[in-house]
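Using the sequences and the hints given, assemble the complete structure.
Protein chains in written order, with this note's numbering: chain A, 1 to 139; chain B, 1001 to 1105.
Check the hints yourself; a few may be wrong.
[What the hints assert, rightly or not] Take a look, some chain A residues computed to stay more than 10 Å from chain B by CB distance:
| id | residue |
| --- | --- |
| 1 | Thr5 |
| 2 | Val27 |
| 3 | Ser82 |
| 4 | Gln86 |
| 5 | Pro91 |
| 6 | Ala113 |
| 7 | Ala121 |
| 8 | Tyr122 |
[To be verified] Computed beta-carbon distance windows for the label pairs:
| id | chain 1 | residue 1 | chain 2 | residue 2 | range |
| --- | --- | --- | --- | --- | --- |
| 9 | A | Leu101 | B | Ala1097 | 26 to 32 Å |
| 10 | A | Lys126 | B | Gln1020 | 30 to 36 Å |
| 11 | A | Leu98 | B | Ser1074 | 24 to 30 Å |
| 12 | A | Pro100 | B | Ala1105 | 22 to 28 Å |
| 13 | A | Pro100 | B | Ser1104 | 23 to 29 Å |
| 14 | A | Gln74 | B | Asn1030 | 32 to 38 Å |
| 15 | B | Thr1002 | A | Thr130 | 30 to 36 Å |
Simulated from the structure, these hints should not be mistaken for lab results.
Using N, Cα and C, we set each Cβ at its ideal position, and we do this for glycine too.
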Amino acid sequence: MTVNTQLVICLAAEVNAISIGADAVRVWGRGVGLPEVTLSALELGIVEALNNIVSHAYQGGGIQPIELSAHRTQDYVEVSISDRGQRMATPPTLSLPLDPLQEGGRGWFIMNACFDDIDYAYESGKNRLTLRKYYPKGD
Amino acid sequence: MTQVDCWSPTGRLVMANAAQARSEVLELINRGEGQVVIDLGEISFMDSSGLSVLISALKAVQLRQGKIALCSLSANLRALVELTRLHQVFTIYPDRATAIQRLSA
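Right, here's the structure in full:
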């Protein structure tokens, strides 16, 4: 039996909370019957999104809140992540670094690969990232 | 026969512990002969920060004109490495024994 409920959590924007948020989504996703392949993509994509917020939006300054919510529909799962950190100044780079030995710069590429739709908005002092993942056909 | 060093991180290799992991593997590389196997069999999850640790290790080994290989990747980890095309810069073996044998030859 699956329970079709929404997940709503608030995390501190610090590196040790990122895995807690990802774990919470995984546990919730199992509870609502998401396919394992969807759960793996969700976990990786959400970790990359939270990494960006901690290291760029808040730039490691103090313990600030991140709100994360998730819900499922018949066709997809949608995750919304909000923070009050710095607005994203330029569109993110969605491609891999030209230099394969560059150590950073893969986060958005990975996040983009994990979801089917990504929407970013800045409203009323809040960054809001909406991430949608459709279920694989046949599930 | 060449000495091969093994680094076997466990659990999650993510932003929270990437700096410590990088320090560990670089110390191992600097102490040894530059032949390194990174056994990822006990890694349950890795993000882009974890990948950056692997790249740091690769660059350190290249500076020493050594060899580096990854082994024992889970299906999810293998998918991440292939997604980011790092399978084109790392040699990957299915298990530690094979990796050590190839690097020590």
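Hints, one by one, checked against the model:
At roughly 25 Å from the closest C-beta of chain B, the C-beta of A:Thr5 stays outside 10 Å, upholding its exclusion from the interface. Distance check on A:Val27: its Cβ is at least 14 Å (rounded) from any Cβ of chain B, clearing the 10 Å threshold; non-interface status holds. With a minimum CB-CB distance of about 20 Å to chain B, A:Ser82 clears the 10 Å threshold, and the non-interface call stands. Distance to chain B confirms A:Gln86 as a non-interface residue, since its nearest Cβ pair spans about 18 Å, more than 10 Å.
Every C-beta of chain B lies more than 10 Å from that of A:Pro91, the closest at about 18 Å, which supports listing it as non-interface. With a least CB separation of 6 Å from chain B, A:Ala113 falls inside the 10 Å interface cut-off, contrary to its annotation. Distance to chain B confirms A:Ala121 as a non-interface residue, since its nearest Cβ pair spans about 23 Å, more than 10 Å. Consistency note on A:Tyr122: stated as away from chain B, and its beta-carbon is indeed over 10 Å from all of that chain's, at 23 Å minimum.
A hinted range of 26 to 32 Å holds for the C-beta pair A:Leu101 and B:Ala1097, which are about 28 Å apart. The hinted window of 30 to 36 Å between A:Lys126 and B:Gln1020 holds, with their beta carbons roughly 33 Å apart. Distance hint check: the CB atoms of A:Leu98 and B:Ser1074 are about 28 Å apart, consistent with the given range 24 to 30 Å. Between A:Pro100 and B:Ala1105 the beta carbon distance is about 26 Å. The supplied range of 22 to 28 Å therefore holds.
Between A:Pro100 and B:Ser1104 the beta carbons are some 26 Å apart, a value that agrees with the proposed interval 23 to 29 Å. With their beta carbons about 55 Å apart, A:Gln74 and B:Asn1030 fall outside the hinted range of 32 to 38 Å. For B:Thr1002 and A:Thr130, the hinted distance range of 30 to 36 Å is not satisfied, since their beta carbons lie about 52 Å from each other.
Checked against the numbered hints given earlier, this structure breaks hints 6, 14, 15; the rest are met.
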